[in-house]
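*Asks:* Single-letter residue listing:
There are 2 protein chains.
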Amino acid sequence: MKLVTSLVTFWLVLNCVSCSFVVEPGPAVKATRGEIWPKPKVQSSTENYFGIDPVTFQFKVTGHTCDILDKAIERYYGIVFSVANDFGSTETNAINSRNLFAKQATLDYSNFFGFLDEVEVHLKEPCEEWPYFEMDESYRISLNKFEYKLQSSTIWGILRALESFSQMVISWSGMLRINSTLIMDRPRFPHRGLLVDTSRHFISLPILLQILDGMAYNKLNVFHWHIVDDQSFPYHSVKFPELSEKGAYHRSMIYSPEDVQTVLEEARLRGIRVMPEFDTPGHTRSWGESHPELLTPCFGKLGPIDPTKESTYAFLSELFQEVTGVFPDRYFHLGGDEVAFDCWQSNSDITEFMDDNQIVDYGILQARFTRRVVDLVDRLNKSSLVWQEVYENADNLPDGTVVQVWTGDQKQLLKQITGDGLPALLSACWYLDHLSWGGDWQKFYNCEPRAFPGTQDQKKLVMGGEACMWGEVVNDRNILQRIFPRVSGVAEKLWSQRNVNDTVEAAARLEEHVCRMNRRGIPAQPPNGPGYCL
Amino acid sequence: MKLVTSLVTFWLVLNCVSCSFVVEPGPAVKATRGEIWPKPKVQSSTENYFGIDPVTFQFKVTGHTCDILDKAIERYYGIVFSVANDFGSTETNAINSRNLFAKQATLDYSNFFGFLDEVEVHLKEPCEEWPYFEMDESYRISLNKFEYKLQSSTIWGILRALESFSQMVISWSGMLRINSTLIMDRPRFPHRGLLVDTSRHFISLPILLQILDGMAYNKLNVFHWHIVDDQSFPYHSVKFPELSEKGAYHRSMIYSPEDVQTVLEEARLRGIRVMPEFDTPGHTRSWGESHPELLTPCFGKLGPIDPTKESTYAFLSELFQEVTGVFPDRYFHLGGDEVAFDCWQSNSDITEFMDDNQIVDYGILQARFTRRVVDLVDRLNKSSLVWQEVYENADNLPDGTVVQVWTGDQKQLLKQITGDGLPALLSACWYLDHLSWGGDWQKFYNCEPRAFPGTQDQKKLVMGGEACMWGEVVNDRNILQRIFPRVSGVAEKLWSQRNVNDTVEAAARLEEHVCRMNRRGIPAQPPNGPGYCL
Chain A
24 MKLVTSLVTF
34 WLVLNCVSCS
44 FVVEPGPAVK
54 ATRGEIWPKP
64 KVQSSTENYF
74 GIDPVTFQFK
84 VTGHTCDILD
94 KAIERYYGIV
104 FSVANDFGST
114 ETNAINSRNL
124 FAKQATLDYS
134 NFFGFLDEVE
144 VHLKEPCEEW
154 PYFEMDESYR
164 ISLNKFEYKL
174 QSSTIWGILR
184 ALESFSQMVI
194 SWSGMLRINS
204 TLIMDRPRFP
214 HRGLLVDTSR
224 HFISLPILLQ
234 ILDGMAYNKL
244 NVFHWHIVDD
254 QSFPYHSVKF
264 PELSEKGAYH
274 RSMIYSPEDV
284 QTVLEEARLR
294 GIRVMPEFDT
304 PGHTRSWGES
314 HPELLTPCFG
324 KLGPIDPTKE
334 STYAFLSELF
344 QEVTGVFPDR
354 YFHLGGDEVA
364 FDCWQSNSDI
374 TEFMDDNQIV
384 DYGILQARFT
394 RRVVDLVDRL
404 NKSSLVWQEV
414 YENADNLPDG
424 TVVQVWTGDQ
434 KQLLKQITGD
444 GLPALLSACW
454 YLDHLSWGGD
464 WQKFYNCEPR
474 AFPGTQDQKK
484 LVMGGEACMW
494 GEVVNDRNIL
504 QRIFPRVSGV
514 AEKLWSQRNV
524 NDTVEAAARL
534 EEHVCRMNRR
544 GIPAQPPNGP
554 GYCL
Chain B
24 MKLVTSLVTF
34 WLVLNCVSCS
44 FVVEPGPAVK
54 ATRGEIWPKP
64 KVQSSTENYF
74 GIDPVTFQFK
84 VTGHTCDILD
94 KAIERYYGIV
104 FSVANDFGST
114 ETNAINSRNL
124 FAKQATLDYS
134 NFFGFLDEVE
144 VHLKEPCEEW
154 PYFEMDESYR
164 ISLNKFEYKL
174 QSSTIWGILR
184 ALESFSQMVI
194 SWSGMLRINS
204 TLIMDRPRFP
214 HRGLLVDTSR
224 HFISLPILLQ
234 ILDGMAYNKL
244 NVFHWHIVDD
254 QSFPYHSVKF
264 PELSEKGAYH
274 RSMIYSPEDV
284 QTVLEEARLR
294 GIRVMPEFDT
304 PGHTRSWGES
314 HPELLTPCFG
324 KLGPIDPTKE
334 STYAFLSELF
344 QEVTGVFPDR
354 YFHLGGDEVA
364 FDCWQSNSDI
374 TEFMDDNQIV
384 DYGILQARFT
394 RRVVDLVDRL
404 NKSSLVWQEV
414 YENADNLPDG
424 TVVQVWTGDQ
434 KQLLKQITGD
444 GLPALLSACW
454 YLDHLSWGGD
464 WQKFYNCEPR
474 AFPGTQDQKK
484 LVMGGEACMW
494 GEVVNDRNIL
504 QRIFPRVSGV
514 AEKLWSQRNV
524 NDTVEAAARL
534 EEHVCRMNRR
544 GIPAQPPNGP
554 GYCL
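For the record, the sequence lines run as chains A and B.
The first sequence begins at 24 in the working numbering and counts up one residue at a time.
The second sequence begins at 24 in the working numbering and counts up one residue at a time.
Chain A with its partners taken away, still in its complex shape:
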């Protein structure tokens, strides 16, 4: 009585449609042990392994250091040693004793390289303070008889190396161990993001911090904070506190300046950029609760921002000056999607303005609005990102404006956008709110951002992509389960090489990765059908 799901499971996992009678007991997919998600560019591991004794093990910093590194090492000590604590209660005590090893007659001594008491963490260049677009995230890990070392030129690479190292440590017959390994790794795309919508439902600070943790476990590096929208305005503006006082769902559902600083700091410590979005001119209904003068009256209601008033731009200039001062990232997302032209059309002031200015259609009106906002953001020394409609409606966009593709024919759009020399971000195939069944990471995994007709130069203009967690039906109670591990499919697609595209191979690693995320406190849901984590 579970026809559809089980068929889907078998089909995807076993390619076995006609043989439901050979259902094996146990999990649908056998998890790997100590494999890395997302898969590194180059990795060669051997059967030789080191033991790790929690009492004596340490990371030894031999190059540059800074607060990011200090805190990362502290964090990864916790992660590496909690791996063990969750591997069955009877094993927990044993873990703490090196003597155990001698007692384990079943262990294969021939491959045992001894205990790894010190791993060198070597940062070659001084730390940078904030992560940024195209930061260097490459790193090298060598664990062999002669060298025990994580190294990178940048603190960001060191963070990725620590994550990979922590994923390789496993508990085996009561002992922590790690295989002798050489890794040379770097991401394929520089922009690997997750959009979180905190307007349709308010997401509390502790959950946002868990999301950042989960992003770090998947080497995602951009938290796209779709912070306000029609439904609520939870951002506390210092200049315009009335925006959230009147526009938030409730006084308890506002991000204070301290909350925002906490998100920024915890993201920074994980090498994650925080890119805010203040979507205009549509999706601004909640702004009107305190500033109705910004919006266009139509049909007895209030629609998008009124692009004809000078006062609109003065307000946006002030607000964006504040916001761009708060968020250090170079990129500022201007939104620009789904503008209700029929509202503008019904408003006589706007019609009059268009006549006076010889603006013949509403796309051009939006383009004029966008141009002014982009210029405004430019003057604040920021770069703009926009949703695809802005590109579709404008004659031309300023150089360097990034266009995010979310709907329609994604291949055609990517071809056009990059053909016009503009950088692009892909999201169309990575909408986490589109559900099919529970473990549907494969549909995200099978979307290749550079699979569109174009030159090499065009392909390079695809900066990466973002999974989008729109907030209509997620709140604190289910957002983590909905995001993880489905976003992991996107994360590997954006980090790993293009030839890493075998869902059967990936399924086994993801099975392990989900259990790993679970042990680390992220309630990721089952990825592949029947199974269990210990």
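Quick caveat, the hints were computed from the structure, so don't treat them as lab data.
Here the structure is a predicted model, which means the values were calculated and not measured.
In this text, a Cβ means the ideal position worked out from N, Cα and C, and glycines have one as well.
Where hints are given, some of them may not hold.
Not everything, but these chain A residues come out facing chain B in the computed CB check (under 7 Å) [unchecked claim]: (1) Tyr272; (2) Ser309; (3) Pro549; (4) Pro553.
On the provided structure of chain A, position chain B as indicated by the hints.
*Replies:* Same frame as chain A, now just chain B:
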């Protein structure tokens, strides 16, 4: 950038496709206050209301009583007064003071009926010990100037009355209050179930108990425990402990006899029957880990139970004798779905047996198997439930065997089954593992179990239905979010009158009901799009 979901939301909620510009700030659906889910048969409330002072309020038992009632009253004290505690921290202290009322100049004194310090709980007949099929769940609530009373002939009705009462108590301007109300209520269908699969993923005892809580909040009354299946055998049999020792995922993933007793007791206290399912002859692969002799060898593996061996029936007889002794409910679910006939077909012993016995097809072979198991269960004084395949494959089933419809043309099947005089249960339209989008309770809500061509007598043979939570992609981390509030759509369909079918009206009540479940500790996900609970 959230086209599909938002359109679905608007379309379903506002019937507004072309007017996305009039997006209102705030929640998509405004929650009711103090409305009951599922909707009672008869309810008349007025604007007049009583205050409730936690210090002085009490339930006064005036009729029969028993442990079920004592514990229910204790539970509902907690529930009624925790309602208040979650209505904003600044209000919490105030709740505890009757003086507050005098200070609230904004309250409407004209409708104030004073404080309700005592509600009579009147059970007319002695308690029954165990809930059962067609138990009387009717009740009456009268709260007016002359009478403050919950009453029922049965403890089961009293439980439902307490649930309704607790749902009507709301916090308003810092005071708990309840409207003057008359309710006469009883369920439309006697069997209102939720199937939970604990084999594909193990569901821990605390989560099972939360599921029972959630069921009680929705007046569901049958916990269909699909306890074992191909993937794992988590039931600890006293007679055959090897079944779970070898067939469970892990030694920590077994329901001990004490665990089962806890489930039975907590369900009993909530008026919920526990109906176990030991699915045979298919879906038994995990049994083979300890008892391979039960299964049919085919293609180098093990398939369904071998129906040709006498030893099979001897084993099932012993196991089912134990199980039917553990579970007091009259109904025992025999499964019978998705039997791999091709496995039987490939096995020469089975072919020979069929030749010897002049059995011409595998459906008849399954029918013979089922007949023997049904007879066996009959001798154990239990009634059998089976999945539809058993009906489809058999010439005739023993009178009273209940057929559960899960796939295919549900109207045609219900017509045929009831036409043959057999009772039926509907599940086909209530598969909780079939996802469309987050808040898809409407599709469950819009399925009417008696909408098939047939006589009144046939319609009466539909005992009710069950929502099915198959376990492929749910475990402890997401099962509660997946079940609630989607099962609430099924629950109201099965409890309330047939003319309660307005999804717009229901959406507002469900919005409240979800927040209520959340306050009570059930992490039900958002039902209707953007919104919030306090």
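*Asks:* Confirm or reject each hint.
*Replies:* Hint check results:
1. Tyr272: 4 Å, holds
2. Ser309: 4 Å, holds
3. Pro549: Cβ of Pro549 of chain A sits 5 Å from chain B, so the hint holds.
4. Pro553: 4 Å, holds
Checked against the numbered hints given earlier, the structure satisfies every one of them.
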